[in-house]
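Q: Here the structure of chain A is known, so what remains is to put chain B in place on it, guided by the hints.
Here are the chains, one letter per residue:
2 protein chains.
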Amino acid sequence: MKQMKTALEFNITQRMPGTLARAGVIKTPHGDIETPAFIVGGTKATVKALTPEQVTDLGGQSILANTYHLMLRPGADIVKAAGGLGKFMNYSGPTFTDSGGFQVFSLGVAYKKGIDAVAHTEKGDASQATKSAEQLVKITEKGAHFRSHLDGQKLLMTPESSMELQHAIGADIHMAFDECPAPLAPPYYLIEAVDRTHAWAERCLARHQELNTEHAKVNEPLQALYGVVQGARDEKLRRGSATFLGKRDFDGYGLGGVFEPGEIPTVVKWMNETLPEGKPRHLLGMGSQPADLFLGVEYGVDTFDCVAPTRQARNGALYTYDGRINITNVKYKADFTPIDAECDCYTCQGYTKAYLNHLFKSDEILASTLASIHNERFVVRTVDLIRESLKDGSFYDYKKQFLTRYYGDTLPAGVTLG
Amino acid sequence: MKQMKTALEFNITQRMPGTLARAGVIKTPHGDIETPAFIVGGTKATVKALTPEQVTDLGGQSILANTYHLMLRPGADIVKAAGGLGKFMNYSGPTFTDSGGFQVFSLGVAYKKGIDAVAHTEKGDASQATKSAEQLVKITEKGAHFRSHLDGQKLLMTPESSMELQHAIGADIHMAFDECPAPLAPPYYLIEAVDRTHAWAERCLARHQELNTEHAKVNEPLQALYGVVQGARDEKLRRGSATFLGKRDFDGYGLGGVFEPGEIPTVVKWMNETLPEGKPRHLLGMGSQPADLFLGVEYGVDTFDCVAPTRQARNGALYTYDGRINITNVKYKADFTPIDAECDCYTCQGYTKAYLNHLFKSDEILASTLASIHNERFVVRTVDLIRESLKDGSFYDYKKQFLTRYYGDTLPAGVTLG
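One line per chain: the protein sequences are A and B, in this order.
Residues 1 to 418 in my numbering are what the first sequence lists, from first letter to last.
Residues 1 to 418 in my numbering are what the second sequence lists, from first letter to last.
Derived by calculation from the structure, the hints in this document are not laboratory data.
Certain hints may be false.
No copy labels: a pair is met if it fits in one copy or bridges any two.
Below, simulated DSSO-like cross-link-like pairs (lysine-lysine); rule was C-alpha separation at most 30 angstroms, straight line [claimed, not checked]: (1) K48 to K331; (2) K361 to K80; (3) K154 to K361; (4) K112 to K27; (5) K27 to K80; (6) K331 to K154; (7) K80 to K331; (8) K217 to K5; (9) K87 to K48; (10) K138 to K217; (11) K112 to K154; (12) K236 to K333; (13) K236 to K142; (14) K333 to K48; (15) K27 to K5.
Only chain A is shown next, with the shape it has when bound in the complex (with noise of 0.2 angstroms):
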């Protein structure tokens, strides 16, 4: 583990003209990570399906874990006591750990009714978007009061606790326990929310500190820590809050409450113009779809972090360069050609659609193992080469080239190619 004096640095190497874009290096005591990067999501201490060496063969440069989940399995006294995250599962390199924010969101107004019912327009309803029948969260000025999705224990998540949960799993990068509102919440509501994650991101970094002075006396390690701006659609309040977070001594920034690549343009761009430049960006669980990586860095986003790749590889839906494939159509029974020709992964260098078919239809383990390794390559790899591109000058040739190909006629709402 490199010495540091400071819990991370950032440099920016490389700036795209007229635009937010820009390339670089966070360094932290476990590694650098050049950016922009897709951070590999591992919730709950794994990557799910791969070994770490999977993950670092595949590319990926950083893991992000999940504190909620943490907390409640294996607890964060044992990670710990394994001598860290990092020690934990096993994986040498940068790790991030979210805040548990986002569960505000998941097992309260989102709960049992899913995402698009609290924020999407056209299939939400603002009278559902500010409290749930049975949601197992209530919020408070102190903080969230949960009951565990395992077993019904009550639970009660502050700053300050968010953050001794944080330092005890001992990530590098920390992120601020904000309040995500749904995004159809009237405007008192997200007021609200608003004031209350900045009261919230105070009191974080005050907690914060004070564990890394802890940490400084016995020469462990510092960690860092980014301040989670939200606002939802209103650019009123995601200006206010990236000025009132950009004024504090935050390491980087978490852009929370984005849901589609369609809010980048407007949403991710009115807080990157308003957040001090010189500190890293973390666009937090957003980077299933290409869109939301091109737009993302377009608009001056360093890092991604998504469990979509994952995810929808265990269930059998494939990344391709001409669009999504869903590997248990019986048209691949036979086809003994890779999933995609142009990519580098493992399991493309090595297994032919035809076996991964055969593979998801036995439901044998190795299907998840192989169709993550080429999903998560796939979103890894694409950053990388958007990284290159802002390097070389081609990003905006490379960006048309690759989202036409991708979605053909039909790119997602409000995603443009110039």
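A: Just chain B, lined up with the frame of chain A:
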């Protein structure tokens, strides 16, 4: 692939005086197998939860797949079109297929009753040992009439079709199609089943030789065929079967219908004393516990196969030199030591019991992978060390030390340390 003039060569390099034990090398077109060896179970053209590289890394020298399962899904024609079993599953080492004969037993008389009910004197019922109300197999001289366990489709497997399927699947070593009778079946039925197995063996050999002649014409490597010896627990039948098959031009022999380690010093001894010494012998479907392996080698077995190590691994039952443990036990929640400190496997080198306990409790796929690597390595390594002990004369010391430690005072019935 090596061009060989014969389908298989077997060279005995070492014998243990006064016993049937020997060490040697089986040469196949896809490489050598140092014997005694544990052949890794790859039933449906995949070693469950493992990549082929993980199989090789844990010391696996060869894989055994199952003709009945591959016939149903994806179909032998698909495996053939893929270039054969090895190419289909991306495994470059030597491969075996079994004949489908064991499914005559498991989907026949043992169907829905389990093996115990028709194999074990104390637990079994001889009146149940020739047929079952629900069985999916009917046996005639022609062959075995199956109903697919997947979709109920009617199928007929004959000695000839088993050979055609195995040549299409294209493993290096095939097994003759046999009938494995329930050990508790009455004497008249055992005689009938052995006679049928012999008649089928001759038909298998004839069809196999025709198919090999076709391979030779187009310069394809020859494939090897093992005759399968049956005869339950009857010395006269076992020796008679070994004599009958021993005179035929098989490349080696499968030892079928052995269910417990306590049978090895009798049943396996009778067969191996009678079979031609210079041909390899494979103990079919046994090797889930150390007593199987030590007694098997002592009584002249060259190769073993068994799916139990990976099946038990997926259930959290992990092998240690001090016996089997259940990793889901709460006592391992904060145990930061490896599964077995003396194990050299990938899992024990990088992961703790606490982490495995967490993965199992969280239903994570990586649990199956890490546990399977460990159990499979444990068995492969045990056989490898038995092979070394034959070479340096320490076999009995190693056997006594290993079995005493593993079983404590409760050796399996019929197993002695001498």
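Q: Taking the hints in turn, state whether each one holds.
A: Against the structure, the hints:
1. K48 to K331: both (27 angstroms within a copy, 25 angstroms between copies)
2. K361 to K80: Cα proximity of K361 and K80: across copies only (18 angstroms, versus 40 angstroms in one copy).
3. K154 to K361: The answer is between: 20 angstroms across copies meets 30 angstroms, while 41 angstroms in one copy does not.
4. K112 to K27: neither (39 angstroms within a copy, 59 angstroms between copies)
5. K27 to K80: Cα proximity of K27 and K80: one copy only (23 angstroms, versus 51 angstroms across).
6. K331 to K154: between (49 angstroms within a copy, 25 angstroms between copies)
7. K80 to K331: between (49 angstroms within a copy, 18 angstroms between copies)
8. K217 to K5: This pair counts as within: shortest intra-copy Cα distance 13 angstroms, inter-copy 73 angstroms.
9. K87 to K48: Answer is both; intra-copy 17 angstroms and inter-copy 27 angstroms each pass.
10. K138 to K217: This pair counts as neither: shortest intra-copy Cα distance 37 angstroms, inter-copy 77 angstroms.
11. K112 to K154: within (19 angstroms within a copy, 44 angstroms between copies)
12. K236 to K333: neither (53 angstroms within a copy, 48 angstroms between copies)
13. K236 to K142: Intra 26 angstroms, inter 82 angstroms, cutoff 30 angstroms: intra-copy only.
14. K333 to K48: Result: close both inside a copy and across copies, 26 angstroms intra and 20 angstroms inter.
15. K27 to K5: Within. Shortest intra-copy distance 11 angstroms satisfies the 30 angstroms Cα cut-off; inter-copy 60 angstroms does not.
When each numbered hint is compared with the structure, violations occur for hints 4, 10, 12.
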